[in-house]
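Protein sequences, first through last, are from chains P and R.
Numbering follows our numbering, in which position 76 of the first sequence is assigned residue number 76; successive positions increment by one, without gaps.
Take the position in the second sequence, starting the count at 1, then add 1000; the result is the number in our numbering.
Please note: incorrect hints may appear among the correct ones.
Unchecked claim - Straight-line alpha carbon distances no greater than 27 Å define the calculated DSS-like cross-link-like pairs of lysine-lysine that follow:
#1 R:K1129 x P:K106
#2 R:K1205 x P:K132
#3 P:K58 x R:K1219
#4 P:K132 x R:K1129
#5 R:K1144 x P:K132
#6 P:K132 x R:K1156
#7 P:K32 x P:K87
#8 R:K1129 x P:K32
#9 P:K150 x P:K94
#10 P:K132 x R:K1207
#11 R:K1129 x P:K87
#12 R:K1129 x R:K1008
#13 P:K67 x P:K8
#14 R:K1156 x R:K1205
Claimed, not checked - To be clear about the criterion: a stretch of chain P counts as covered by chain R if any three or more of its residues have a C-beta under 8 Å from a C-beta of chain R, and this derived list gives those stretches:
#15 10–16
#16 136–142
I should point out that these hints are in silico values taken from the structure, not numbers from a laboratory.
Every residue, glycine too, gets a C-beta built ideally from N, C-alpha and C.
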Amino acid sequence: MVTEENVKEWLDEVKDPEIPVLSLIDLGVITKIDIHESLVKVAMTPTFVGCPAIDYMKNDIVEVLQKHGVKEVEVDVNFEQSWNSNKITQKGRKALKEFGLAPPPKHVLIVDLDILEHVQCPNCNSTNTELKSPFGPTACRSIHHCFDCKETFEQFKPL
Amino acid sequence: MTNTEALKELIYKMADDQLILGHRNSEWTGFGPLLEEDIAFSSMAQDKVGQSYALYQILNDLGEGDPDTVAFMRNADQFHNSQLVELPNGEYDFSLVRHFLFDTAEAIRFQMLTNCSHEPLAQLANKIKGELRYHTMHADIWIKQLGRATEESVSKLQDSLDRLIPYAIGVFEPSPMEDQIIEDKIFEGEGKLRQQWEEAILVVKSKTPLNLPYFSLVKPV
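Chain P with its partners taken away, still in its complex shape:
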């Protein structure tokens, strides 16, 4: 009998295709798991509404669960519990930093955009940094520059 814990463990193998070190569980996009005998229903919510990776993630969920012997998988994408960047787990934040992406600062759900100004550099930990652009190579990233190590880096945007 498949349990919710099993499914979570397996979904930890499914990575965000744009940030391959971060699992969907660590990203916080899996909102519900329902198990009815041989059917597993997974509910997920996108990080950004226009995220083009969502279809890849859906397919990856089906593929991984089937690999573990689940016969029927249904993935429903909805906004019932909408995602915000506080939902990224501690493990996920650590993985982001090691990947060279500054993790989003925790916030009280209304993001004060001043927190973008002095993001901690993931390379040298300095906060002597500046925001170059609130938009980056993917919808969820902003671009920053570090005055200490002189590297330009990206941040997973707080939302």
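We have chain P already, so just place chain R on it with the hints.
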């Protein structure tokens, strides 16, 4: 009981505005005046087209066609968008001013829609309003900077503002079913949105020497 026709009318208008402006913004990909702006307009284009897809998906759940079919297979006269979003791109100042005028309205619109009586739209609005904060932040920063930078930048923004304000006010054209929309608590109405928009535009404008007309005297396009 929500009037579904009135709800659909409102969603079509919003989704079509986003889809068209998303495509206009995407025309800056590869042509931005600087790399960061190229990326910004491309990202905002991606957000807008993605948000319109989510709105078309709600329409689909209400019995309308498949999102891709609705987005790309209708005839021109079946679109509900405002003229502001379809105007061809000019120079960068034109797109920046359009982005400022439109996104300021859109951010307030989705904030208001978090109270929508149609739950899926309220949930989506709650999500979109957070994303739009990045769009309005971007617009406000550039309007404030270029709006007081050099004689040339100020006069370019002023020309675009003069040209686009009547079109921007056209965004608030009431739906043929506006009374129903308000009565059913779908949306508090274009009139209320316009009022809040005028206040928000004036706050940013006050940081610059730019001039705005008396909104009440402008004939909407």
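(message) To test your reading of the hints: which numbers does this structure violate?
(response) Result: hints 3, 15 break, sorted rising.
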